[in-house]
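K.L.:
Working from the sequences, and respecting the hints, build out all of it.
If you read the protein sequences in the order shown, they are chains X and F.
With the numbering used here applied, the first sequence has no gaps in its numbers, which climb one by one up to 411 at the end.
With the numbering used here applied, the second sequence has no gaps in its numbers, which climb one by one up to 384 at the end.
Calculated from the structure, these hints are not laboratory results.
Computed from a predicted model, the values in this text were never measured in an experiment.
Among the clues, some could well be false.
[Unchecked claim] Below are the DSS-like pairs computed for lysine-lysine, each with C-alpha atoms no more than 30 Å apart in a straight line: (1) F:K118 to X:K109; (2) F:K5 to X:K109; (3) X:K328 to X:K70; (4) X:K152 to X:K270; (5) F:K49 to X:K70; (6) F:K103 to F:K92; (7) X:K109 to F:K92; (8) F:K118 to F:K98.
[Claimed, not checked] From the derived model, a few chain F residues whose C-beta atoms are all more than 12 Å from chain X: (9) A4; (10) T23; (11) E59; (12) K68; (13) R122; (14) M133; (15) K135; (16) I179; (17) K199; (18) S204; (19) Y224; (20) Q276; (21) I367.
[Claimed, not checked] Computed footprint of chain X on chain F; a stretch qualifies when at least three of its residues, placed anywhere within it, have a C-beta under 8 Å from a C-beta of chain X: (22) 38–45; (23) 250–257.
The beta carbon of each residue, even a glycine, is placed where N, CA and C say it ideally should be.
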Amino acid sequence: MKSKVFLLVIGLAVIFSIGTFAITVVTLGGWVSSPVEQQAMENVVKAFNQKYAGQIELQYQPIPGDYLVKLTSELSAGTAPDIFYLDSSYAQQFIRSGAIYPLDYFVQKYNFPVSDFATSLLQPFEYNGHIYGFPKDFSTLALFYNKALFDKYNVPYPTNNWTWQDMLNVAQKLNHHKDGVYGLSLSPNALDRVMPFIFQNGGEVVNSQMQPELESPQAIRAIQFYFDLHNKYHVAIQPSDVGAGWNGDAFGRGKVAMIMEGPWAYSFLKETYPQINFGMTVMPMEKARATMIYTVCYAMSRSTPDKDAAWKVMEFLLNDGMKVFTEKLGVIPTRISVQQSENIFNNPADEVFVDQVNYGHAWFIPTANGNSSKLLDNINNELYNIWQGKVTTQQAVDYIVNNWNTWASQQ
Amino acid sequence: MKRAKEWIAGYLLILPIIAIIGTFIIYPIVASVYYSFTNYNPLRQMEYKNTFNLQDQLEQYLLVFNMKDLNTRYLLSQFDPVDFIQTQLGIKIDTSQKSTIEKYFDSKKLIDDFVTMKTNERINGTELFSRYMTKDKNMFAGYIPAWVGFQNFSHMINDNLFWTTLWNSVFFAIVVTPIQTFLALILAVAVNQKIKGIKFFKLSFYIPSVTSSAAISMLFMLLYSKPGLINRILGFIGIPPINWLSNTSTALPAVMAMNIWTTAGYFMIVFFAGLQNIPRDLIEASELDGAIGWTRFWKIIMPLMRPQISYVVTLGLIGTLQVFDQIYFLIQNQQNYTTAMYIYVNAFNYNQMGYASAIAVFFLAFIMILTLIQRRFVKEENYF
Chain X
1 MKSKVFLLVI GLAVIFSIGT FAITVVTLGG WVSSPVEQQA MENVVKAFNQ
51 KYAGQIELQY QPIPGDYLVK LTSELSAGTA PDIFYLDSSY AQQFIRSGAI
101 YPLDYFVQKY NFPVSDFATS LLQPFEYNGH IYGFPKDFST LALFYNKALF
151 DKYNVPYPTN NWTWQDMLNV AQKLNHHKDG VYGLSLSPNA LDRVMPFIFQ
201 NGGEVVNSQM QPELESPQAI RAIQFYFDLH NKYHVAIQPS DVGAGWNGDA
251 FGRGKVAMIM EGPWAYSFLK ETYPQINFGM TVMPMEKARA TMIYTVCYAM
301 SRSTPDKDAA WKVMEFLLND GMKVFTEKLG VIPTRISVQQ SENIFNNPAD
351 EVFVDQVNYG HAWFIPTANG NSSKLLDNIN NELYNIWQGK VTTQQAVDYI
401 VNNWNTWASQ Q
Chain F
1 MKRAKEWIAG YLLILPIIAI IGTFIIYPIV ASVYYSFTNY NPLRQMEYKN
51 TFNLQDQLEQ YLLVFNMKDL NTRYLLSQFD PVDFIQTQLG IKIDTSQKST
101 IEKYFDSKKL IDDFVTMKTN ERINGTELFS RYMTKDKNMF AGYIPAWVGF
151 QNFSHMINDN LFWTTLWNSV FFAIVVTPIQ TFLALILAVA VNQKIKGIKF
201 FKLSFYIPSV TSSAAISMLF MLLYSKPGLI NRILGFIGIP PINWLSNTST
251 ALPAVMAMNI WTTAGYFMIV FFAGLQNIPR DLIEASELDG AIGWTRFWKI
301 IMPLMRPQIS YVVTLGLIGT LQVFDQIYFL IQNQQNYTTA MYIYVNAFNY
351 NQMGYASAIA VFFLAFIMIL TLIQRRFVKE ENYF
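P.N.:
If you want it as structure tokens, here you go:
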């Protein structure tokens, strides 16, 4: 009896292992920002598995917790998913280390339409003329305004050709400390939120030699204006001042009249604060129009056993997957063809975010070795010192520029 | 013979603990000392170990879409071994490895094997080099972090932020350790009284130290927030609300207060056990001599508690210098990091394992020296 059971187990194991050998398994990993997103991704995975039944099996393994730390340790142990998300701000760190597989061959072999992507969206994922990832979707920053607060204090709504001065004037009219209402909520320690102002004023953050350009009068004036909103005009607060975790939260609580956030804030507000009546428009301008572009790509691990199968997954994600994500989550598709296909925008507000892509700047700071996390942490820390009034803008910029190469160059 | 047997049996009995300590304590310490002299990048750990189908890799590198009618000479002209290894296989090579490859890599053999489909199998980087290098194969056995000597340490000395974090750690320790020790002693004396309902107090003093650090941090995040309870209470006496954790001047003291609250209860147990050990007749004798109240506390209890005080101060000092979890949860600004947090950030966010190891090694030595000095001052004398 016992030996029969044993034989059965062996037999089943053999059949099972033959089964798994015949079907290539590809794993997909990424962070999950909302249950809706996870469900959308599960649907995409199901659709893929139906299409490639018997050939490729796609397994979705979301990575919870601290994504960057988990991904680093999984890549070093060779246990990372075959395909995973990579954010533009730190993609180069991984690309340069050799952990990401270049995709040029597949592009040629399968005639993948690279020109369907805006060049500013591909730039963070290129190195040495090779492409290491294709963006899944992108976001830009826009100006959100609370219509109820504007009506209450009888202030006209923002227009799409507002200047900084217009924004400041209106913010001053909306600022009612006694009612607990403030003009703006700003991120006090984030270079990516100050950067649009620098670009709007005709400044630059880094030049083509990867050296800082923050000491130019245009850049200084922009940084000065951003922090003056808090330090001098007292019209801006940081989210934690009203007990909020981030700008969108502060806005949702009705404590601030304006914020500058991306499409994630739109879905957050609709879900968490449905009673808030708000509008959206493009970022204010000064000498030029500018906004930030945040994008995330699908990248392929070097440890992927069957890279051809993994590419098929990636192509599916960038095609059918992108359409599902656009419909279900309201994210902005990176492919121009998907953007233009009909009925893709179920919310008209998306237009504000898409319209700005032409003058948007991709969020990443190029450095000689691709490692920018340390540089950014140090810059953000110094920016927060301006916010707290511990240093002047000029002092902070001098400090940042003097230390830039030390922070950027290590390893 | 018998001695040898005993000897073997003894070592067999302690083998499990030696294995555990060796794997999880001794090896990591030795490894981090080694890494502190290198530029170890964990992301490169797999570069020689990743397996690939060599045929596929060559097809992809040479952009061959069809295996028919291949021209070996043309392929050879298109093949650059250094570029193939770096870009296609993702193996980084230094200048000496580069010149070795240029000299001894047998590109012709590889291309011949490719055309005749002999490369159609899964191998890893090490195997590739052992097959196609005519000489110096051992230079490509695996990823070896480059030796940088004292570069990490000299960088550390010039890193302002490192000194800020070290000062934060020391500040944390010199404020928290005495207060938590004293508070724990007071609490122990208090719960040593015979009052009704003392169990309730014992429990409530001890609960913070058995609660998860994450849960306590979340609780204090709410308490310390600008519209939080602490600011409301302060509001009654006319103090304007403070953003305790965002403000770089108040963030660290706020975490210190919380740390004292969580650890005092834990050390209270140590003192409580010590108090139980003080002979009853000694207390009675001192009472007859007129030592009551504070006199008894300072002149009788304190000296008798010296071994426990020494133990608590040593553990407290080490614990506060290494504080990480509460900092990780609550501290928002880099300038409020403690050294332990800074090590973590360098290792896992900046991918600078070598530099992080250098700080860790320095910090280990620093804590060791501080502990030795402290043990000089608080001698562990036994009165019994």
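K.L.:
Taking the hints in turn, state whether each one holds.
P.N.:
A quick look at each hint next to the structure:
Annotation: proposed proximity of F:K118 to X:K109 holds, straight-line Cα distance about 23 Å (limit 30 Å). A distance of roughly 69 Å separates the Cα atoms of F:K5 and X:K109; the hinted pair therefore is violated under the 30 Å criterion. The hinted pair formed by X:K328 and X:K70 meets the criterion: a straight-line CA distance of about 28 Å does not exceed 30 Å. Restraint check: the Cα-Cα separation between X:K152 and X:K270 comes to about 21 Å, which is no more than 30 Å; the hinted pair holds.
With a C-alpha separation of about 20 Å, the suggested pairing of F:K49 with X:K70 holds against the 30 Å cut-off. Under the criterion of a C-alpha separation no larger than 30 Å, the hint pairing F:K103 with F:K92 is consistent with the structure, at around 17 Å. Distance hint between X:K109 and F:K92 is fulfilled; the C-alpha atoms sit about 26 Å from each other, no more than 30 Å. Restraint check: the Cα-Cα separation between F:K118 and F:K98 comes to about 26 Å, which is no more than 30 Å; the hinted pair holds.
Every CB of chain X lies more than 12 Å from the CB of F:A4, the least distance being 42 Å, so the non-interface label holds. With 12 Å as the threshold on Cβ separation, the claim that F:T23 sits away from chain X holds: the shortest Cβ distance comes to roughly 16 Å. The non-interface label for F:E59 is inconsistent with chain X: the shortest C-beta to C-beta separation is roughly 8 Å, within 12 Å. At roughly 16 Å from the closest C-beta of chain X, the C-beta of F:K68 stays outside 12 Å, upholding its exclusion from the interface.
Not every CB of chain X lies more than 12 Å from the CB of F:R122, the least distance being 8 Å, so the non-interface label is violated. Listed as a non-interface residue, F:M133 keeps its Cβ farther than 12 Å from every Cβ of chain X; the least gap is roughly 20 Å. Even its closest Cβ contact with chain X, about 25 Å, leaves F:K135 beyond 12 Å, as expected for a residue assigned away from the interface. Consistency note on F:I179: stated as away from chain X, and its beta-carbon is indeed over 12 Å from all of that chain's, at 27 Å minimum.
F:K199, annotated as away from the interface, keeps every beta carbon of chain X farther than 12 Å; the closest lies near 37 Å. For F:S204, the condition that its CB be more than 12 Å from all CB atoms of chain X holds, with the nearest at approximately 28 Å. Chain X draws F:Y224 into its interface by the beta-carbon criterion, the shortest separation being 10 Å against a cut-off of 12 Å. Distance check on F:Q276: its Cβ is at least 43 Å (rounded) from any Cβ of chain X, clearing the 12 Å threshold; non-interface status holds.
Here F:I367 stays apart from chain X, with its beta-carbon at least about 25 Å from theirs, past the 12 Å limit. Counting residues of the segment 38–45 of chain F whose C-beta sits closer than 8 Å to any C-beta of chain X gives 6, which meets the bar of three, so the coverage hint holds. Taking a C-beta to C-beta cut-off of 8 Å, the segment 250–257 of chain F contributes 0 residues in contact with chain X, too few for the three needed, and the coverage statement is violated.
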